[in-house]
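Participant: Spelled out from the first residue to the last, the chains are:
Protein chains: 2
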Amino acid sequence: MERATSVLTDPYSLSEQARAAVYHNIFTRRDVRSQFLPDQVSDLVLSRVLMAAHHAPSVGFMQPWNFLVIRSKAVRQRVHSAFLLARAEEATRFESGKEQQYRRLKLEGILDAPVNICVTCDHERAGPAVLGRTHNSTTDVYSTVCAVQNLWLAARAEGLGVGWVSIFKPTALQQILGIPATISPIAYLCVGFVSYFLEKPELELAGWRSRTPLEKLVFFEQWGQDHCEWSDGIVQRIRHIQEREGQGVMAE
Amino acid sequence: MERATSVLTDPYSLSEQARAAVYHNIFTRRDVRSQFLPDQVSDLVLSRVLMAAHHAPSVGFMQPWNFLVIRSKAVRQRVHSAFLLARAEEATRFESGKEQQYRRLKLEGILDAPVNICVTCDHERAGPAVLGRTHNSTTDVYSTVCAVQNLWLAARAEGLGVGWVSIFKPTALQQILGIPATISPIAYLCVGFVSYFLEKPELELAGWRSRTPLEKLVFFEQWGQDHCEWSDGIVQRIRHIQEREGQGVMAE
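So the protein sequences, as listed, match chains B and G. If you count the first sequence from 1, you need to add 5 to reach the numbering used here. If you count the second sequence from 1, you need to add 5 to reach the numbering used here.
It should be emphasised that the hints constitute simulated quantities derived from the structure, not laboratory data. Check before you lean on any hint, since a few could be wrong.
What the hints assert, rightly or not - Below, computed lysine-lysine pairings styled on DSSO-like, alpha-carbon distance capped at 27 Å:
id: 1; chain 1: B; residue 1: K221; chain 2: G; residue 2: K78
id: 2; chain 1: B; residue 1: K78; chain 2: B; residue 2: K174
id: 3; chain 1: G; residue 1: K103; chain 2: G; residue 2: K174
id: 4; chain 1: B; residue 1: K103; chain 2: B; residue 2: K221
id: 5; chain 1: G; residue 1: K221; chain 2: G; residue 2: K78
id: 6; chain 1: B; residue 1: K78; chain 2: G; residue 2: K221
Claimed, not checked - Only part of the chain B face toward chain G is listed, based on derived beta-carbon distances under 7 Å:
id: 7; residue: L42
id: 8; residue: F72
id: 9; residue: R109
To be verified - Simulated restraints, written as ranges between beta carbons of each label pair:
id: 10; chain 1: B; residue 1: Q180; chain 2: G; residue 2: H232; range: 20 to 30 Å
id: 11; chain 1: G; residue 1: L89; chain 2: B; residue 2: A211; range: 45 to 55 Å
id: 12; chain 1: G; residue 1: G164; chain 2: B; residue 2: G229; range: 28 to 38 Å
A quick note: this is a predicted structure, and the numbers were derived from the prediction, not measured. Virtual Cβ for every residue (Gly too), placed ideally from N, Cα, C.
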């Protein structure tokens, strides 16, 4: 759909600069909770971001998603109340030191962000038989999450922060937003311009959890095999990229 | 992590050209089944694509994913056999005309693509209590799908096609790849350079299903509300972008 020929070397590869832009966007995307500005998001920018979401892959081209765009303060206040209840419940699941830390964390920007978007999944969008969904009916939810990630990355490119809030009782969003019981709310997103993007994920900076070295998460040919005859080069490259953190994956 | 300052106007917004690159990449990403080339994918490119996946958002910074990289022809042949069995089952779910069409579609490139990647979700990665996962335990799967979409978009930027194959009996991949029963295979991806990317999704070109106009999928303030006092501008922008398909969302 996009013909930004200036950014291409040929129709199928991106230029080095365009590729660097895509990686930059992926690596600087953040789950934003604290840095939202009240500035309104224009119709044009919102439309572009929604269009990016709609161009996600979907199982059997099912396009099972809907996008419920919320600006009303009253609606956001009801959602925020539901969040507070669920957060109080979740806090008790952690042991004392961790619970104290949990209670200090800012976990959402429902009222700070001028726009909220609830992304839902309609499991019946394409009838009972869907190509690719026969053996795993959850694949429609996977498609919906792909749309969320597309939206998130397009938003980052526009300078918009996005925060995904998942601390709600299961039926709270359905009740507040009038979503039928057969439709699953998958993501509740806070969207708005930000004063800045953090250098690293907020939970990492807060000492909640660390980033796992990628090479510990990659297996070769079979589960649990952390090396094989051709894996050394990949592991070395991964370590190299991690050591140069901040220099960019495109630096060599 | 990436500091491609040349593509930035300031640390928080992308330049117009960089933004166009991100959108171009999102809109030209395809689920590839038929255009794979046998050319090997370098360690460097594979590492970059995996690193992009690893920088997906995750609930409670859980990073529940693993990446099982497969090049072995023997392993891919076993996976392909499992696909053929499941495809034969799925074909019977469609009515006669549609079943004929289904049987003619090429649905995977397991043996054509030189690299296959199985992306899995470890539901116990961060212990029993995970921030943001208390009220919906499936959020770890959502995080894993975000990693898949990051991988897919990074691959597109490298000129690599990706095809997600979901036509397998539930335990087939676990048996073939030695994945423990407690770990869920979420995506089985065929990855390789391509002769070209299709202009539109393959299932759309094949007449299997059409793309839904986005404005029919967007609601405002409450479920089912297709307009409100501030929605006209967004709907108009969406229609405008759709009418200019091929001109690009950044054209105005």
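Participant: Each hint needs a verdict: does it hold in this structure or not?
Facilitator: Quick rundown of the hints versus the structure:
no., hint, verdict
1, B:K221 / G:K78, "holds (24 Å)"
2, B:K78 / B:K174, "holds (21 Å)"
3, G:K103 / G:K174, "holds (22 Å)"
4, B:K103 / B:K221, "holds (26 Å)"
5, G:K221 / G:K78, "violated (44 Å)"
6, B:K78 / G:K221, "holds (24 Å)"
7, L42, "violated (11 Å)"
8, F72, "holds (5 Å)"
9, R109, "violated (12 Å)"
10, B:Q180 / G:H232: 20 to 30 Å, "holds (23 Å)"
11, G:L89 / B:A211: 45 to 55 Å, "holds (49 Å)"
12, G:G164 / B:G229: 28 to 38 Å, "holds (31 Å)"
The structure fails to meet hints 5, 7 and 9 from the earlier list, while all remaining hints are met.
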